[in-house]
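Undergrad: Okay, here's what each chain looks like letter by letter:
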Amino acid sequence: QKEVEQNSGPLSVPEGAIASLNCTYSDRGSQSFFWYRQYSGKSPELIMFIYSNGDKEDGRFTAQLNKASQYVSLLIRDSQPSDSATYLCAVNFDDKIIFGKGTRLHILP
Amino acid sequence: DTGVSQDPRHKITKRGQNVTFRCDPISEHNRLYWYRQTLGQGPEFLTYFQNEAQLEKSRLLSDRFSAERPKGSFSTLEIQRTEQGDSAMYLCASSLRIDTQYFGPGTRLTVL
Numbered sequence: 001q002k003e004v005e006q007n008s009g010p011l012s013v014p015e016g017a018i019a020s021l022n023c024t025y026s027d028r029g030s031q032s033f034f035w036y037r038q039y040s041g042k043s044p045e046l047i048m049f050i051y052s053n054g055d056k057e058d059g060r061f062t063a064q065l066n067k068a069s070q071y072v073s074l075l076i077r078d079s080q081p082s083d084s085a086t087y088l089c090a091v092n093f094d095d096k097i098i099f100g101k102g103t104r105l106h107i108l109p
Numbered sequence: 001d002t003g004v005s006q007d008p009r010h011k012i013t014k015r016g017q018n019v020t021f022r023c024d025p026i027s028e029h030n031r032l033y034w035y036r037q038t039l040g041q042g043p044e045f046l047t048y049f050q051n052e053a054q055l056e057k058s059r060l061l062s063d064r065f066s067a068e069r070p071k072g073s074f075s076t077l078e079i080q081r082t083e084q085g086d087s088a089m090y091l092c093a094s095s096l097r098i099d100t101q102y103f104g105p106g107t108r109l110t111v112l
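Sequence order for the protein chains is A and B.
Here the first sequence stands for residues 1 to 109, numbered as in our numbering.
Here the second sequence stands for residues 1 to 112, numbered as in our numbering.
The hints are simulated quantities; they were obtained by calculation from the structure and are not laboratory data.
Just to be clear, a hint being listed does not mean it is correct.
Said to hold, decoys possible - Computed list of lysine-lysine pairs in PhoX-like fashion (alpha-carbon distance at most 20 angstroms, straight line):
1. 57(B) x 71(B)
2. 67(A) x 96(A)
3. 2(A) x 71(B)
4. 67(A) x 2(A)
5. 56(A) x 42(A)
6. 101(A) x 42(A)
7. 11(B) x 42(A)
8. 96(A) x 57(B)
9. 101(A) x 2(A)
Claimed, not checked - Only part of the chain A face toward chain B is listed, based on derived beta-carbon distances under 7 angstroms:
10. 29
11. 60
12. 88
13. 99
Owing to the predicted nature of the structure, the values given are computational and were not obtained by experimental measurement.
Virtual Cβ for every residue (Gly too), placed ideally from N, Cα, C.
From just these sequences and the hints, can you work out the full model?
TA: Pasting the structure below:
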């Protein structure tokens, strides 16, 4: 069964610090990986996608992928109160996107 | 606003009734996805269209659920004989490629 696992949190991080969110997935054949942000009562919003091993940076966000360990992470630098949300890790399994349950992130002012 | 619209935004129905939801994707997007999300869970894949062809349907989707995408434009999701367990947010997403999926605002279904 294709699964995406995330710690549900909440993860509390002081404002200005680095928030680190982690995700593991079950299928070694997966080729593309996504991080979505979801505010309470809203629909998910794509933050980043990554295909290759290593790091991909976009502004304050860095996605990291390690296919050998089947592990994806998202780092948020200089965390802001507006970053408080649920972060969903998602994996493409044969053109079907499977989501994890999400990690609730709370940035402490 | 992502450009994906869903109607209605909220639906309250009684158990046993049929409901239909509509999704209008971004016009040039050929892929359209339906998901269901309950509190504390991530979106759960229901079904996927490429143009008008329904390419995959979750095995979790019972026979009471059906989806269509006539002419490869808007899509409808129908739930027959609704049950209380069907109460959830139903999300639609569209994309041109798998890595650029945009979600609509969702339809919140409450089954009494």
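Undergrad: Indicate, hint by hint, whether the structure satisfies it.
TA: Hints versus structure:
1. 57(B) x 71(B): Judged against 20 angstroms, a Cα distance of about 19 angstroms means the pair holds.
2. 67(A) x 96(A): holds (18 angstroms)
3. 2(A) x 71(B): violated (32 angstroms)
4. 67(A) x 2(A): It holds: about 15 angstroms lies between the C-alpha atoms, which stays within 20 angstroms.
5. 56(A) x 42(A): violated (26 angstroms)
6. 101(A) x 42(A): holds (15 angstroms)
7. 11(B) x 42(A): holds (16 angstroms)
8. 96(A) x 57(B): holds (10 angstroms)
9. 101(A) x 2(A): Holds, at about 14 angstroms.
10. 29: violated (14 angstroms)
11. 60: The hint is violated - residue 60(A) has no Cβ within 7 angstroms of chain B, the shortest such distance being about 20 angstroms.
12. 88: Holds. Min distance 5 angstroms.
13. 99: holds (3 angstroms)
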